[in-house]
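S.K.: Letter by letter, the chains look like this.
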Amino acid sequence: MNWLPEEASNLARNVDTVIWFVTIISLVFFFLITVVLVFFAIKYRRKSGEDETPYITGNHFLETLWTIVPSILVLVIFAYGFIVFKQMRTPPQEALEINVIGKQWLWQFQYDNGKTTINELYVQQNRPVKLIMRSEDVIHSFFVPAFRVKQDLLSGMYTYLWFTPTKVGVFDLYCAEYCGAAHSKMLGKVIVMSPEAYERWRKGEEREEQKGVASISPVQLGEQLYQQRGCNACHTIDGTPSVGPSWKGLFGHEVTLQDGTKVTADENYIRESILEPQAKLVKGYQPVMPSFKGILTDEEISAIIAYIKTLK
Amino acid sequence: MEEIGIDVHAHHHVDPVVEYKASKLGMWLFLATELLLFGGLFAAYAIFRAKYPEMFHEEHKELDRTIGAINTVVLICSSLTMALGVASIQRGKKKLLSLFLLLTILFGIVFGINKYFEYGHKFEHHIYPSTSIFFALYFMMTGLHMLHVLAGVLVLTALLILSLKGKFSENYYTPIELGGLYWHLVDLIWIYLFPLLYLIS
Amino acid sequence: MANHTVAETIHVPYLEEKGILSWILSTDHKRIGIMYLVSISTFFVLAGIAALLVRLELLSPGKTIVDAHTYNVLFTFHGSAMVFLFIVPGIAASFGNFLIPLMIGARDVAFPRLNLLSYWLYLLGTVIILFSLLKPADTGWTFYTPYSIQTGTDVILLTFGVFILGFSSILTGLNFIVTVHKLRAPGMTWHRLPLFIWSSYATAILQLLATPVLGITLLLLIAERVFGIGFFDPAKGGDPILFQNFFWFYSHPAVYIMIIPAMGVISEVIPVFARKPIFGYKAIAYSSLAIALISFLVWAHHMFVSGMSEVAATVFSFLTFLVAIPTAIKVFNWLATLYKGSIELRTPMLYALSFIFLFTIGGLTGVFLGTLAADVHLHDTYFVVAHMHYVMIGGTVMGFFAALHFWYPKMFGKMYNEAVAKVAWFLVFVGFNVTFFPQFILGMEGMPRRYADYPPQFHTLHEISTIGSWILGLGILIMALNLLRSLTNGEKAPDNPFNSLSLEWQIPSPPPHENFEKIPHVTDWTYGYGKKNNQEG
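Residue numbers (my numbering), protein chains in the order written: chain A, 1 to 312; chain B, 1001 to 1201; chain C, 2001 to 2537.
Check before you lean on any hint, since a few could be wrong.
Pairs of lysine to aspartate or glutamate, DMTMM-like flavour, derived with a Cα cap of 20 Å [said to hold, decoys possible]:
hint, chain 1, residue 1, chain 2, residue 2
1, C, 2518, B, 1015
2, A, 293, A, 267
3, A, 47, C, 2310
4, A, 185, C, 2310
5, A, 248, C, 2418
6, A, 189, C, 2453
7, C, 2531, A, 52
8, C, 2532, A, 50
9, A, 185, C, 2418
10, A, 185, C, 2017
11, C, 2518, B, 1054
12, C, 2492, C, 2067
13, A, 130, A, 112
14, C, 2236, B, 1054
15, A, 309, A, 299
16, A, 86, C, 2445
Bear in mind the hints are in silico, worked out from the structure with no lab data behind them.
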C-alpha cells in the first residue's frame, strides 16, 4: 500500500499486514453496503404514489447472521492486532538502550557512550534499539512513521519503545501529542547508519556536527546548530515573531523586557538567554524556552552568536 | 381510533399521582448523578491511597478526629430530624414539620461552623490544598461536600418558609420528601468521607 | 394503524406569541427546542468558520494566514465549541425537546420549568465560554494535563463554562428519562415507541451517568490551576494519565451522546420515505441501549500509546470491538428497510442515505483505531481526525440536517425550496468527502494532528482538503439561506407533508401550544407502512 510510508523497521511489515488485513475486511463491508444501498435506492425508487410495499418487520435468520459474522470478524481482528502489539511491546534483551528526553520543543538523545544529540537520533542498521523516554514538561509523543512506532513521553514516569531499523537512511521523527505553541516544529530525524559507519560515529571518529570542528567557520557552525538544536522551532530568521523573538536584526539592538526595562542584545545577553532563558524575558513572550546549559558548549554558543550577528 | 377525553386546560401532568411519581424518579436520578460526581473523587482517593499508603497514614493524623466525630453525630441527628419531619407531614402535623425542618437546618449550620473552624485551624498550620495529594483530596472532598450541605440548608430554608405559609399537608408533601432524600444523600456521603479521611489505620 | 385524526383545533399555534420575553420565559418544550436549535446552529456556524480558518492556514506549508499560537487557539475554539456548544446538546436538546412529548403523546416534558432552567444554564455556559475568548485557551478541546495546567491562556473560564454546560446536559437528560417513563400516552407501550424516543432515552442515560464525571474532572483541573492541588501534576506526585482516564470516561460516552440521537433520526426518516416498516425494530431499539452501556467500558482506547499497561490496552481494545457489533446491526437494519420499498429521494432521505454511506466509512475506520497494532501507527494522526469527522459530520451532522429538513415543516409551518435544498445537499456531500477523505491518506502517511505547519510532502493532500472545505462551507451556506428564506417566503406546510404515521404529524403544523386537543390513545406502533396481508420473510 503506497499510502503507508516506507517500511524501515522490523515492526513496519507486521503493522502493515495488520492494516492491510483490516483494510480488506473493511473494503468488503464498505462495497457490500454501498452497492446494496445504491442498488436499492435505484431499483426501489418510487414510481407512483400508489406503489405497494410489503410489510416486513424483521427476519430472524438475517439478523442472527449479521450479528454473528461481524462478531467473529472483530474477534479475529482484535486477536491479530493484539499479537502484533505484543511483539511491538516486547523488546529483545540485547537491545541497545538510548535515553530520550522530550521537552518543549526539542528531542534530546543520550547514548551509552556518553554522547548527547539534539533532534537527531543515531542508530545502527539491523540492531535492536530500546528507547527509554521521559518528558521534562508536558506530554510529548515519539512518532516515526517509517518505523510504525509511537509512544507518549510523560514526566514523572518512564515509557519505552523499541524497534530494529532495517534500512540505512534518514527518517522523519514527529511529536504526535499536542504540546503547545511550537508543537509542529518539534521535529527530528532518525539517522540509520551501516554498522561500520555507526561504529565510527560511536567512537567519535566520524566528524559529527555536534562538536564544533575547526574546519567550518563559526557562522556556518551556528547556522547548522540553528537547525540541529531546534532553535528554528521558535526563532525565525526572517523577522516574523514566532514563539520567541526573531533573530533577524536582534544583535546590538535594544529589547524591552517583561518589567519594562530595556537591555541591549549583546553577546552576554544572548549567552545568558541561552543558558538561563527565564532570567531576562522579552516582553510579549511566554517563559517557555528550555535551558541549554550542558547541551551547548561554549564554543557552540559563540558560534550561534556569530550566526545571529550575520542576520541583519 | 378512540380517544380518551382529558381536560386540555389542566396542568400538563395528567394527574397528581403521575406528577408525584415523576418527581420522585427525577430526584433519584439526580441523586445518582451526585453520587457519580463524588465517585470521581472516590476513584482518585482509591488510586492515590494505593500509590502513597504512607502519606495517607501519616498525614491523616493532622486531621481532628474529635471535630470529625462531632460533625458525624450532628449530621446523623439532622437526618433523623429530617425523617421525623417527613413522617410528621405525612400525618398532617404541619407545626411539627416546621419544627423538625428548623432543627435540621440548625444541625446543618452547626456542621458548617465546625467545618469553618476546622479549615481555619488547618490554614493556621499552613496546610492548604496544595500541601500534598492527601490534603488536596481532603479539601476537595470535604469542600465539595460542604457546598452540598450549604445548598441543602438553603433548600430546607425555602421549604421551611413554605411550610410556615402552610403550603404542605398530608395530601401534598412531595417537595418535603424530595428535600429529605437530598439531605439524606448529603449525610450518607459524609458517613463515607469520615472514615476514609479521618480514620485511616 | 396509528392514524390519529384530530379535530380542527381552535388552539393557538405555539409560534403565535411574539416578543423576546415570550421566548426566553417560555416553558413550552417546543419553544425551548427551537431556542436550542437556534443557539446550537449559531455555534455550529461560528465553530465552522474557525474550521475554515484552520483549513485555510493549512492550505500551504509555512505560515499562510496566522501564527502557530493563533492556529492552536483556532482549533481549540473549533473543537470545544463544536463539541460542547453544538454537538453534545445537538439533536437531543433541539429536536429531542421539540419532538419527545409530541411523539409519545404528552403535553410537555415532565419538568417544564427545569427544562427552561437547562436552557438558561446552556446560555450561561456559552456566555462564560465567549468571555474566555478574551484570552482564548490553546489546549485543544481535550484539555490534557499537564499542558492545560501550564499554559498562560484562560483555561479556567473555558472549563468552567463547560462545567456549567454539563449541568444543563444532566438536567435535560433527567427530564427526558422521566418524561419517557411517566408521560407516555395511553397505549404507547415501550415497544410502540418511535425509535427516535429509544435513542433519546439511551442518550439521556449517557448524559446522566457520564456528565458528572466530566464535571468533577473539570473542577479538579480548575482546582489545579487555582489552588495548586496536584492530582494531575507529576511534579506534585500526581498522575498525568489520570486526567486522561477521567476525561475519556466522560468523553467516550459523549461520542455516543452525539451520535445516538442522529441514529434515531435516521430510523424515523427511512421508513417514511421508503414506505416500509423499520426492519428489526427491537434490534435497533436495544442496540441503542447496548451501545450506551458498552460505551462506558471503552474509554481507554484513546490511550493505547499513553503509557498505560499492555494488559489494560488489550482489555480496552477487546471491549471496543464489542461496541462495533450493535453499530453494525443498525446499519444492516436500515439497509434492509429499503428492500422492496417505494423510495422517494426527498432531501431528508438524501441526508439519511448519506448518513449510512458516510457513517459506514466512519465506523469501519474506527475498527483500524481499535486494533492495537494499527492504532500505534495511526493514533494522533490525521487518520483520527478524518475518522472522527466521518462519524461526527458524516454521522451526526448528516442526521442533524436530515432532521432539519424532515421536521422543518412541522416546526415552522412552512415548506422550504426542495430543489435548492438538493443542490445544497450535493455540495455538502461532495465537499465533505473532498475535505476529509484525503485526511485518511495523510494520516496513513504519518501526518500528525494539531500541527500548525507541516513538511512539504503533505502539501497536495492538504490543498485538496482545504478546497473541499470551501465546497462544504458553500453547501451549508446555501442550505442555511434556503431554510431562513423559507421562514417568511416558504409555502404553507400541510400538517403531514411526508405522510408519516408518527404522532407529531397528526396534529397541525406548527403544533398548537397544548400539542394535542385530546391525549391520543395509541393502538399500534408508528411504522405500520406497507400492506400487511402481503407479509413475507
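S.K.: All hints, please: hold or fail.
M.R.: Here is how each hint holds up against the structure:
1. C:2518 / B:1015: At roughly 15 Å apart (the allowed maximum being 20 Å), residue 1015 of chain B and residue 2518 of chain C satisfy the hint.
2. A:293 / A:267: holds (16 Å)
3. A:47 / C:2310: Measuring from Cα to Cα gives roughly 57 Å; hence the hint is violated.
4. A:185 / C:2310: At roughly 30 Å apart (the allowed maximum being 20 Å), residue 2310 of chain C and residue 185 of chain A break the hint.
5. A:248 / C:2418: violated (58 Å)
6. A:189 / C:2453: Judged against 20 Å, a Cα distance of about 17 Å means the pair holds.
7. C:2531 / A:52: holds (7 Å)
8. C:2532 / A:50: Satisfied, since the Cα-Cα distance of roughly 15 Å is no more than 20 Å.
9. A:185 / C:2418: violated (48 Å)
10. A:185 / C:2017: violated (57 Å)
11. C:2518 / B:1054: Violated, at about 68 Å.
12. C:2492 / C:2067: Violated, because 50 Å separates the two Cα atoms, which is more than 20 Å.
13. A:130 / A:112: holds (12 Å)
14. C:2236 / B:1054: holds (16 Å)
15. A:309 / A:299: With a Cα-Cα distance of about 15 Å, the restraint between residue 309 of chain A and residue 299 of chain A holds, given a limit of 20 Å.
16. A:86 / C:2445: This hinted pair is violated, its Cα atoms lying about 23 Å apart.
Of the numbered hints given earlier, the model fails hints 3, 4, 5, 9, 10, 11, 12, 16; all others are met.
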